[in-house]
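Enquirer: Use these hints to put chain H onto chain R, whose structure you have.
2 protein chains.
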Amino acid sequence: MRAEIIAVGSELLSFSRTETNSLYIASKLNPLGIKIARKFVVGDSEQEIREALQIALKASEIVVITGGLGPTNDDITREVVADCLGRELHESKEILELLERRYSRFGIRLTSNNRKQADVPEGAEILPNPHGTAPGLFLTEGEALIFLLPGPPRELYPMVENQVVPRIQKVKATSQRLMRLLKVAGEAESRVDARIESIYKEYPLIETTILSSPGVISLYFVWNGVDQSEAATQLDELQGRVAGALGQSVYSDAEMSLAEALGAKLTALSKTISVAESCTGGMIGSMLTEVPGSSVYFEGGVISYSNAVKSRLLDVESGVLEEHGAVSEPCARAMALGVRRLLGTDIGLSVTGVAGPGGGSEEKPVGTVFIGLAHGGDCEVRKLHLPGSRDAIRLRTCNLALDWVRRVIE
Amino acid sequence: MRAEIIAVGSELLSFSRTETNSLYIASKLNPLGIKIARKFVVGDSEQEIREALQIALKASEIVVITGGLGPTNDDITREVVADCLGRELHESKEILELLERRYSRFGIRLTSNNRKQADVPEGAEILPNPHGTAPGLFLTEGEALIFLLPGPPRELYPMVENQVVPRIQKVKATSQRLMRLLKVAGEAESRVDARIESIYKEYPLIETTILSSPGVISLYFVWNGVDQSEAATQLDELQGRVAGALGQSVYSDAEMSLAEALGAKLTALSKTISVAESCTGGMIGSMLTEVPGSSVYFEGGVISYSNAVKSRLLDVESGVLEEHGAVSEPCARAMALGVRRLLGTDIGLSVTGVAGPGGGSEEKPVGTVFIGLAHGGDCEVRKLHLPGSRDAIRLRTCNLALDWVRRVIE
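Chains R and H, in that order, are what the protein sequence lines are.
Take the first sequence: its letter number 276 is residue 853 in this note's numbering, and every next letter is one higher.
Take the second sequence: its letter number 44 is residue 621 in this note's numbering, and every next letter is one higher.
Pulled out of the complex, with its shape left as it was, chain R reads as follows:
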């Protein structure tokens, strides 16, 4: 089944605004077996909204239009769609009352601009909007379903989930959860693909998507077949076989960050962790504390950006710094042991490296990174050579460090 998305709003055509509503809509429609076949991004222009709607209706069974339902003069989606389908607009008493109540709370009287949000095309169903003034609208035109949704994500997201998805399921009798995923860390995309390609190619009805960011890879398996009776069995089988092939590299079968997965494991094992960061400058701590409740296992750490801090706080001996330098195996070891001792945690994690663009040498080029991990009686150090920009090297370092802890405590 095909859907098209028409995003309305001149601001979406500037160089500074990405249109992201369509990704959320796709994430909710794909599992129903619905493919997004085309997207339009158009300004607040009658001609262009009309053109997009006409083309989309010719080709697809579902059309979702976002934006342009608000109270300003620019907002013309409701009017253009009604006109395009040859439907009259009627003022809805129900919406008008809601609007009056909402505006009066702020001591505002309804203007004619505000009032137009109560207009409803003939035959349209109202989709309530608990998070804003403009309700959504649902129309059918022949076999096609048309949804008009507000632009702001906090209004649109719940409306898609609670109003759009159930209506499509009802009318189109689709099933649900035709998608599986796996989150993978500590592996390069090309290596992951090489190891699993022969498996997922055996499932021609499942679309496998590999999405990689520095240090973390997401695998998505979406059912593409028309007949859905086999979908769950085949998806589970493929997910299971790929997970088996990747072994410990898989850190979750649900959408979560590496820090979340590690946090859950640390909590389960009642272990605590501290960090000593040089080239990442606090980013590992920042990632760990993105997770609510991380205080259970994260004590804190030392950002030892300068050598003085490395020796003064973490007891890295000056001999180590002089002989081997700050970016070295012995320094990473001393940092990990030092922060664990200082903060009294079960695990001490350290990072020191050359993130670039400057600071590289022949012996230690940009991308040279040492990660130290003090755990139990042991302290291991890994040396990495990472590609990419300063940002990519730092992010990859953080993810590889968190992933290493996850693997070691398992």
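Certain hints may be false.
[Claimed, not checked] Each computed SDA-like pair below joins lysine to any residue, with the alpha-carbon atoms no more than 25 Å apart:
| # | chain 1 | residue 1 | chain 2 | residue 2 |
| --- | --- | --- | --- | --- |
| 1 | R | LYS747 | H | PHE592 |
| 2 | H | LYS612 | R | SER587 |
| 3 | R | LYS760 | H | GLU588 |
[Said to hold, decoys possible] What the simulated footprint calls covered on chain H by chain R, stretch by stretch (three residues with Cβ under 8 Å from a Cβ of chain R suffice, anywhere in the stretch; the number is not a length):
| # | region |
| --- | --- |
| 4 | 852-858 |
| 5 | 866-877 |
| 6 | 919-926 |
It is worth saying that the hints were derived from the structure and are not from the lab.
What you are looking at is a predicted structure, and each value in this text was computed from that prediction instead of being measured.
Note that the Cβ used here is the ideal one computed from N, Cα and C, for glycine as well.
Expert: Below, chain H alone, put in the same frame as chain R:
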């Protein structure tokens, strides 16, 4: 002048991939006085590429098509565009030689699929691609300019800058740099808008765009007039008046992060800084060290996520923690003074707060944050009440903290 962008690639219609090439293209065309009037995102489908091109050509003078120029069977942009315009394809010897050389370096012989990258529609100009195999193509059709560009950003970006922009400037005789910007920190978007609205409304030929993220606001002024003789004067005047109205809140008139602006100032004043972070968990350090060369002014810091670390490393007295709690004015003060003393820097910056979603109380609800700033003989503390999610509260806290340092050292 209007341009339209057609992004080709089925992967761009998944829920996991944002189309961002069009933003880069807009950022390079807007300063030439060219507005992006519409965007299409279509799959690798002949029908949909054709439809989009036909519609776009009817309405706009410039059409930029990205993606679908590679060697695989999916890549059909070149063929569809040629067919749509009624142009024959000829094999270019020049491109073929380049391809042969490139592939032979990897020990690969050209297949017919690879060869099709050498096909050029009648009358098209070749846009060299030093970063990949598929060259770009430039065609004119009546008054319209059509650009076919490769999809990967590292191939597309330099081609836009070095090939597309100069060709548009030549044919359309546009001038350049018809854009100005201001970066603003420490102010809410609504307050900024209220203070400058009456000013920018005086310039109907300049489009003012306000883009806000937690703690930082970007103002863009783009010339929209046809006659460009007045553009520079009016843009400079508007930029100057808005900068005057916002005073110290403006941290830059060029595209840069707050940490970069602060870093430049610290470098100029030869001052050093250290951080003590609780609820931000290292994020301020991470932001400061995103900037290459930050080791000149950033010594490091302490991530004092637990109370034990606050007292052991930063000498926050246990009486302070017992009486006032970790989220308090005296604790923020002790942290800032503690980290400055410990690391021996000119400035000590501290943050402690309730980022949520848990941990709030009636007295200290989620969003309560204290920032401490030890500087010279002084240590000031600010109390904030921040709205939003955990992520938004943390990000806003970091930006407000960095901004405060910037203002104080000025």
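Enquirer: Among all the numbered hints in the text so far, which are the ones the structure does not match?
Expert: none
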